[in-house]
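Student: Listed here are the chains, written in short residue letters.
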Amino acid sequence: MQLIQTRFLLGILLTALAGCELPPRDQTGVTQLALQTSDESEEARTNEEYVMVTTAVGMPMYVNHDQAAFKRWGKQMGVKTSILGPADWDVPAQINTIEEVIGTRPTGLLINGTDPAIAQAIDKAVAAGIPTVVYDSDIPNSRRHAFLGTNWYEIGRMQGEEVARLIGGKGKVAYMGILGLNNMEDGFRGMLDVFKRYPNIEVVGKFDDKANVETAARITADLLAAHPDIAGICGFDSNSGPGIALAVKEAGKAGKVKITTVDWEPEHLRLVKEGVIQMLAGQKRELFTWYGAQFLYDMVHRTNKLSGNDTMAGISNVPNTVNTGLLRITKENVNQFLTPSGPPTP
Amino acid sequence: MLNQILRDRVYTLTLTTLLLCLVSAAVFPATFPTFENFRQLLLNLSIDAIVAVGMMLLLIAGVFDLSVGSVVAFAGGLSAHLMVYYDVPVPVAMLMGLGSAVLIGWINGYLIAYQGINPLIQTLAMMGIVRGGALMVAGAGIQNLPYWYNAIGQSKLLGVQMPVWYMGLVVAAFTFLVNRTVFFRRYYYIGGNEQAAELSGIRVRRMKLYAFMLSATLAGVAGLLLTSRLGAALSTLGRGMELRVITAVILGGASLTGGVGKIPGALLGALFMGLVANIMVIARVSGYWQEIILGLILIIAVWIDLALQRRSAGRQGLARKFSNKPSPEGVGVDQ
Amino acid sequence: MNPILQLRGISKSFPGVKALEGVDFDLRAGEVHALCGENGAGKSTLMNILTGNLEPDAGQVLLDSLAVEISGPAEASRLGIAIVYQQLSVINTLSVAENIFANRQPRGKLGFIWYSQLYAQTQALLDKLQLRHIRPQSLVGELSPGQRQMVEIAKALAQDPRILILDEPTASITRQETDTLFAIIQQLKDDGKGIVYISHRLNEIFTIADRVTVLKDGRYQTTRPVADVTANDLIRLMVGRDIEFARTASSRTGEPLLTVRNLTGGRFADISFTLHRGEILGLAGLVGAGRTEIARAIFGIDTLISGEVYVHNKLCAIRHPADAVTAGIGYVPEERKTQGVFLNMSVMENVLAADLPAAQTGGWYGIGKARQLAERFRAQLRMATPSVMQRAGLLSGGNQQKAVLARWLLANPDVLIVDEPTHGIDVGAKAEIHTLLRGLAAEGKGILLISSELPELLALADRILVIRQGTLAGELVGDTATEETIMALAANA
Numbered sequence: 001m002q003l004i005q006t007r008f009l010l011g012i013l014l015t016a017l018a019g020c021e022l023p024p025r026d027q028t029g030v031t032q033l034a035l036q037t038s039d040e041s042e043e044a045r046t047n048e049e050y051v052m053v054t055t056a057v058g059m060p061m062y063v064n065h066d067q068a069a070f071k072r073w074g075k076q077m078g079v080k081t082s083i084l085g086p087a088d089w090d091v092p093a094q095i096n097t098i099e100e101v102i103g104t105r106p107t108g109l110l111i112n113g114t115d116p117a118i119a120q121a122i123d124k125a126v127a128a129g130i131p132t133v134v135y136d137s138d139i140p141n142s143r144r145h146a147f148l149g150t151n152w153y154e155i156g157r158m159q160g161e162e163v164a165r166l167i168g169g170k171g172k173v174a175y176m177g178i179l180g181l182n183n184m185e186d187g188f189r190g191m192l193d194v195f196k197r198y199p200n201i202e203v204v205g206k207f208d209d210k211a212n213v214e215t216a217a218r219i220t221a222d223l224l225a226a227h228p229d230i231a232g233i234c235g236f237d238s239n240s241g242p243g244i245a246l247a248v249k250e251a252g253k254a255g256k257v258k259i260t261t262v263d264w265e266p267e268h269l270r271l272v273k274e275g276v277i278q279m280l281a282g283q284k285r286e287l288f289t290w291y292g293a294q295f296l297y298d299m300v301h302r303t304n305k306l307s308g309n310d311t312m313a314g315i316s317n318v319p320n321t322v323n324t325g326l327l328r329i330t331k332e333n334v335n336q337f338l339t340p341s342g343p344p345t346p
Numbered sequence: 001m002l003n004q005i006l007r008d009r010v011y012t013l014t015l016t017t018l019l020l021c022l023v024s025a026a027v028f029p030a031t032f033p034t035f036e037n038f039r040q041l042l043l044n045l046s047i048d049a050i051v052a053v054g055m056m057l058l059l060i061a062g063v064f065d066l067s068v069g070s071v072v073a074f075a076g077g078l079s080a081h082l083m084v085y086y087d088v089p090v091p092v093a094m095l096m097g098l099g100s101a102v103l104i105g106w107i108n109g110y111l112i113a114y115q116g117i118n119p120l121i122q123t124l125a126m127m128g129i130v131r132g133g134a135l136m137v138a139g140a141g142i143q144n145l146p147y148w149y150n151a152i153g154q155s156k157l158l159g160v161q162m163p164v165w166y167m168g169l170v171v172a173a174f175t176f177l178v179n180r181t182v183f184f185r186r187y188y189y190i191g192g193n194e195q196a197a198e199l200s201g202i203r204v205r206r207m208k209l210y211a212f213m214l215s216a217t218l219a220g221v222a223g224l225l226l227t228s229r230l231g232a233a234l235s236t237l238g239r240g241m242e243l244r245v246i247t248a249v250i251l252g253g254a255s256l257t258g259g260v261g262k263i264p265g266a267l268l269g270a271l272f273m274g275l276v277a278n279i280m281v282i283a284r285v286s287g288y289w290q291e292i293i294l295g296l297i298l299i300i301a302v303w304i305d306l307a308l309q310r311r312s313a314g315r316q317g318l319a320r321k322f323s324n325k326p327s328p329e330g331v332g333v334d335q
Numbered sequence: 001m002n003p004i005l006q007l008r009g010i011s012k013s014f015p016g017v018k019a020l021e022g023v024d025f026d027l028r029a030g031e032v033h034a035l036c037g038e039n040g041a042g043k044s045t046l047m048n049i050l051t052g053n054l055e056p057d058a059g060q061v062l063l064d065s066l067a068v069e070i071s072g073p074a075e076a077s078r079l080g081i082a083i084v085y086q087q088l089s090v091i092n093t094l095s096v097a098e099n100i101f102a103n104r105q106p107r108g109k110l111g112f113i114w115y116s117q118l119y120a121q122t123q124a125l126l127d128k129l130q131l132r133h134i135r136p137q138s139l140v141g142e143l144s145p146g147q148r149q150m151v152e153i154a155k156a157l158a159q160d161p162r163i164l165i166l167d168e169p170t171a172s173i174t175r176q177e178t179d180t181l182f183a184i185i186q187q188l189k190d191d192g193k194g195i196v197y198i199s200h201r202l203n204e205i206f207t208i209a210d211r212v213t214v215l216k217d218g219r220y221q222t223t224r225p226v227a228d229v230t231a232n233d234l235i236r237l238m239v240g241r242d243i244e245f246a247r248t249a250s251s252r253t254g255e256p257l258l259t260v261r262n263l264t265g266g267r268f269a270d271i272s273f274t275l276h277r278g279e280i281l282g283l284a285g286l287v288g289a290g291r292t293e294i295a296r297a298i299f300g301i302d303t304l305i306s307g308e309v310y311v312h313n314k315l316c317a318i319r320h321p322a323d324a325v326t327a328g329i330g331y332v333p334e335e336r337k338t339q340g341v342f343l344n345m346s347v348m349e350n351v352l353a354a355d356l357p358a359a360q361t362g363g364w365y366g367i368g369k370a371r372q373l374a375e376r377f378r379a380q381l382r383m384a385t386p387s388v389m390q391r392a393g394l395l396s397g398g399n400q401q402k403a404v405l406a407r408w409l410l411a412n413p414d415v416l417i418v419d420e421p422t423h424g425i426d427v428g429a430k431a432e433i434h435t436l437l438r439g440l441a442a443e444g445k446g447i448l449l450i451s452s453e454l455p456e457l458l459a460l461a462d463r464i465l466v467i468r469q470g471t472l473a474g475e476l477v478g479d480t481a482t483e484e485t486i487m488a489l490a491a492n493a
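Those protein sequence lines, which keep their order, are chains A, B and C.
Sequential numbering of the first sequence, starting at 1, is according to UniProt numbering.
Sequential numbering of the second sequence, starting at 1, is according to UniProt numbering.
Sequential numbering of the third sequence, starting at 1, is according to UniProt numbering.
You may find that some hints are simply not true.
Stated by the list, open to error - In silico contact screen, one side only, chain C against chain B (beta carbon under 7 angstroms); selected entries: (1) Val325; (2) Tyr331; (3) Ala353; (4) Leu356; (5) Tyr365.
What the hints assert, rightly or not - SDA-like cross-link-like pairs, simulated, lysine to any residue; straight-line CA separation at most 20 angstroms: (6) Lys210/A <-> Gln154/B; (7) Lys369/C <-> Leu177/B; (8) Lys206/A <-> Gly132/B; (9) Lys262/B <-> Ile367/C; (10) Lys314/C <-> Phe273/C; (11) Lys369/C <-> Asn179/B; (12) Lys156/B <-> Ala127/A; (13) Lys124/A <-> Glu36/B; (14) Lys80/A <-> Val27/B; (15) Lys262/B <-> Gln390/C; (16) Lys206/A <-> Gly128/B; (17) Lys369/C <-> Phe176/B; (18) Lys80/A <-> Phe28/B; (19) Lys210/A <-> Leu177/B; (20) Lys156/B <-> Cys20/A; (21) Lys262/B <-> Met389/C; (22) Lys124/A <-> Tyr147/B; (23) Lys331/A <-> His227/A; (24) Lys262/B <-> Arg371/C; (25) Lys124/A <-> Leu157/B; (26) Lys337/C <-> Val260/B; (27) Lys262/B <-> Asn344/C; (28) Lys369/C <-> Trp165/B; (29) Lys155/C <-> Asp191/C; (30) Lys124/A <-> Gln154/B.
No wet-lab data here; the hints were simulated from the structure.
Backbone N, C-alpha and C define an ideal beta-carbon position, used for all residues, glycine too.
With these hints in hand, go ahead and build the complete structure from the sequences.
Tutor: Structural data, given as structure tokens:
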């Protein structure tokens, strides 16, 4: 009896061990690009589904730019588009969504590169043979097929240069954004690298506005109280600009304290026109998703053949990395963005 | 007898879950009822379920902890920080991460049980403090964690990723312990009537302290598993997890007033929520709908419970009507 | 004289039980009509129908000979019916005035609460009720239980009702307060109000009531002028048998089980006594004299300022009830619902509360063993419950108390402190609990019995210690103990 039990347990243990599988050790190995491809019939095309997975799906900037362009693209191409992801900024939930979507075999995956931690999920999608394009921020340690986005380091540099110019290369500056996000930290670094060249610029603080207008405004008000002579403030998330502008306006220092920030939502543009914000470092977000989707389509349909069989050759027929560049919006050109032909509205 | 079953959330939720699975399988035959999908679904809920077991214990005792989500981020972040920046050996770093979780649990428990700070206030404050700490240790995210650390969460057994097995282990162990040990039985008494428990010779404060420590430890385990599974530590891990887990646990049959709930209920609640999320992804429904639907489901579940109780025992309905005068005498079933 | 209130053929069922069956009741202006019956007889159901909390399945309610439908408490109060519940409905964190004028605070022109008026009106009401030591501004939580009960009564009277229902109003108040209450009732009677008086205390019924109606098992038994019945008649009608508080034989020995020396705590000082094996030691005194506080201190709930507790002649440092249980002391608290019973847990779990390890086999807790133990005590104490898995909250007060007692029978301490063990319990269960306590003493336990019911103390206790304002006022043994001598010591009269 005892013996049978022991053997039984041993058996289970061995089976379990046999079923144990360690993760792959080497992350850089080239995997076969066994892409799903599609025939060119009209019917097959309408069955194609391109899925965008992001986080904070409800964020107005994402909805008005990324998602609107992606949907327009889908309509024009006559294919189905879906947008998925958690309502809040929740990277693990985005990863969960990506991994669950893989099982449903979409034609292509367009992924918002929110954090390097999503690399594994991207690799899973690639390994499953799904064309996968990352936009916004790159996930360099992943095997994504292509990336389209902006260089955040450049955004930081652009803001740094502009503020330095506006304040004449001397004075106190502060900056804020969401701390702990990779792209923003890159931006901070870019800006600080610029300031290093100006010994008379004193950085008085780095603040976390938690992507919240009220928080940004409160931090700015405190800053103005603590440093009445502050010369410039830089913002790095969508809500930094409106928050900083609000507090500066309330303090009656509009135009005196120089403000640069990111994004070009209607609110930002209005503040530029009013002269409260001096410069916006804008991203061409529409291009991220439009061309990102187009890349997916081109991979699936082998629009450009670079060899006899690209899959067999282990190459990709779309650009590896695309920098869409930045928009520099100031009082001089802001009217062009405010006119109806400016940013597309959903 | 049927009423008895209908009133046990573990049964009703199992039934609802099965029903939901059947309907989904019928609607999405190609994508829903697949091994791959279920494997993924279970993996995605495993971390929440482990935290939910600790939360269930707290709710049985009549308290709760809002700081668990932050503890997940901090414990994972601290171990990652130590092993990546200080080359601390993996097991030592993990122990230190867990130790930090236990310490946070101890502080919460001590201040709540012995100093009488309201659990909502205490754990809300701790949630912010620990989140700040997580931001400090994890910064902009820590990648390139040691291979063997990642192996803990990324290895597979019988085709299923390890966190699912750990979840099974935690749920099974706690189900057994809560059913079969005097130590854990005491939590039902504490949640049922704290004063009466104290007067029955149960050391309520000490037990509550232990509960907070246990729950925080499980959150720490979850944090280690999550960072290991992702292969990265992020300061934003576990954001919003506290409410998600409390929702799961309440769906699973716990009550904010304490004294009721079963450990499998925690798993079932998490499973149900994971299932809803999964079906949304498969049906290509976007994020905010998921939150709206989960909110509605929670209200409906609790409401149905109340309705069932009212129907099955008129006396209980009466007792509810006199909420400040429990169980009026004179409607005796027994004399 | 026409009755102001009539109930005709009222029936009400709950799933599995007929709570009321064809009950008639009438109330005249200017009379006190007592309603009595055991717990579970249907008194509270009847009252809940009158106050609109429940709807009758059949029957009619007539006010001034007109049929009315009482849809809820608000409707009842509009019709001039006010009730004082047995369980207090006052809110501890609000002032006396805000409790009394709950939801009806006098308001100024702008619709904001007019506090000076609120306090003035409250003061006037309290003066009228001769409750001069209660300030309208005091928080109810700071008052004694008796004072809280008076606030509850004031709250009901503030609406100037025609019909006042009092449900066990004297359960937690002192003798003095009872006298005040009776004076108020007399005054209301003279004003032509009708009063329904529910009480277990028969002597009160004889003092204050004009007529009495008896219910038994939801059925109407009889209505008679109080002058025509004796206490024994009523008991027979209520329980269908004669019950007397006969003085029981003592089983006291000379072996000390519990000795306390110079106990001093927050509300008592310098208390010393010894409890012997086989003895029931009574603690008498007015409500608020400090008896419960002494018990709580011995049991380790409240901290002692000084003094020693010896169990079996061994000095014990008791800092928590768990220490007391380990030392062999058990405690049945006065507040059964809030401190004794786990209302939402099963009878089985209630029985096991103080000795969970008893249900272990080989170190593992097992529900089978637990159930077996609970069944044993259910049989032994004759608990009326369909199953030990039944929620304790569904039992009557007497059976809940039995479950609490069973808890200590299981834990089996040498010393058992029982605080008002028959408070709010019907006559039948009361007798059973008395027998049980006597039996425990005979088995060799020592019992410290705190009771405000003098007949109970006199029937059970071997010796009676009288506590007055936190000090030991005297000890009465055997025949020297009578209601008069106890009251004299307790009130220093």
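Student: Now tell me, hint by hint, if it's right for this structure.
Tutor: Hint check results:
{"no.": "1", "hint": "Val325", "result": "holds (3 angstroms)"}
{"no.": "2", "hint": "Tyr331", "result": "holds (6 angstroms)"}
{"no.": "3", "hint": "Ala353", "result": "holds (4 angstroms)"}
{"no.": "4", "hint": "Leu356", "result": "holds (4 angstroms)"}
{"no.": "5", "hint": "Tyr365", "result": "holds (5 angstroms)"}
{"no.": "6", "hint": "Lys210/A <-> Gln154/B", "result": "violated (31 angstroms)"}
{"no.": "7", "hint": "Lys369/C <-> Leu177/B", "result": "holds (17 angstroms)"}
{"no.": "8", "hint": "Lys206/A <-> Gly132/B", "result": "holds (15 angstroms)"}
{"no.": "9", "hint": "Lys262/B <-> Ile367/C", "result": "holds (15 angstroms)"}
{"no.": "10", "hint": "Lys314/C <-> Phe273/C", "result": "holds (15 angstroms)"}
{"no.": "11", "hint": "Lys369/C <-> Asn179/B", "result": "holds (13 angstroms)"}
{"no.": "12", "hint": "Lys156/B <-> Ala127/A", "result": "holds (16 angstroms)"}
{"no.": "13", "hint": "Lys124/A <-> Glu36/B", "result": "holds (12 angstroms)"}
{"no.": "14", "hint": "Lys80/A <-> Val27/B", "result": "holds (19 angstroms)"}
{"no.": "15", "hint": "Lys262/B <-> Gln390/C", "result": "holds (18 angstroms)"}
{"no.": "16", "hint": "Lys206/A <-> Gly128/B", "result": "holds (19 angstroms)"}
{"no.": "17", "hint": "Lys369/C <-> Phe176/B", "result": "holds (16 angstroms)"}
{"no.": "18", "hint": "Lys80/A <-> Phe28/B", "result": "holds (17 angstroms)"}
{"no.": "19", "hint": "Lys210/A <-> Leu177/B", "result": "violated (42 angstroms)"}
{"no.": "20", "hint": "Lys156/B <-> Cys20/A", "result": "holds (5 angstroms)"}
{"no.": "21", "hint": "Lys262/B <-> Met389/C", "result": "holds (17 angstroms)"}
{"no.": "22", "hint": "Lys124/A <-> Tyr147/B", "result": "holds (18 angstroms)"}
{"no.": "23", "hint": "Lys331/A <-> His227/A", "result": "violated (27 angstroms)"}
{"no.": "24", "hint": "Lys262/B <-> Arg371/C", "result": "holds (19 angstroms)"}
{"no.": "25", "hint": "Lys124/A <-> Leu157/B", "result": "holds (17 angstroms)"}
{"no.": "26", "hint": "Lys337/C <-> Val260/B", "result": "holds (18 angstroms)"}
{"no.": "27", "hint": "Lys262/B <-> Asn344/C", "result": "holds (15 angstroms)"}
{"no.": "28", "hint": "Lys369/C <-> Trp165/B", "result": "violated (32 angstroms)"}
{"no.": "29", "hint": "Lys155/C <-> Asp191/C", "result": "holds (18 angstroms)"}
{"no.": "30", "hint": "Lys124/A <-> Gln154/B", "result": "holds (12 angstroms)"}
The earlier numbered hints that this structure contradicts are 6, 19, 23, 28.
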